[in-house]
Amino acid sequence: MPELKWQKSSYSGSGQNDCVEVAGGAHAGGLRMRESEEPAKVLAPGGATLRAMLAHLKAGGGSRIR
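Going from the sequence shown to our numbering is simple: count from 1 and add 9.
Hints are supplied without guarantee of correctness; some may be wrong.
In silico lysine-lysine, PhoX-like type, Cα no more than 25 Å apart, as pairs [what the hints assert, rightly or not]:
| no. | residue 1 | residue 2 |
| --- | --- | --- |
| 1 | Lys-14 | Lys-50 |
| 2 | Lys-17 | Lys-50 |
| 3 | Lys-67 | Lys-17 |
Since the hints were derived computationally from the structure, they do not count as laboratory data. Since this is a predicted model, take the numbers as computed values, not measurements.
Sequences are here, hints too, so could you generate the full structure?
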């Protein structure tokens, strides 16, 4: 697998380790997510899991999921 190019929101300030980063696509076998404070822990959510997480956040489900 090629090395992943991680991206974070433009709302995150530079040098801050308090954001969710995403990477991936078809070349990586799907979406990958990680918390910038713990970059070694990478999640690979499936479609249903990702949809549920986004629905939770859109409904005001908190600023941080634990």
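Restraint check for Lys-17 with Lys-50, where alpha carbons must lie at most 25 Å apart: holds, 16 Å
Agreement of Lys-14 and Lys-50 with the hint, judged by alpha carbon distance not exceeding 25 Å: holds, 15 Å
Straight-line alpha-carbon gap Lys-67 to Lys-17, limit 25 Å: Holds, at about 18 Å.
Hint check: no violations occur; every hint is consistent with the structure.
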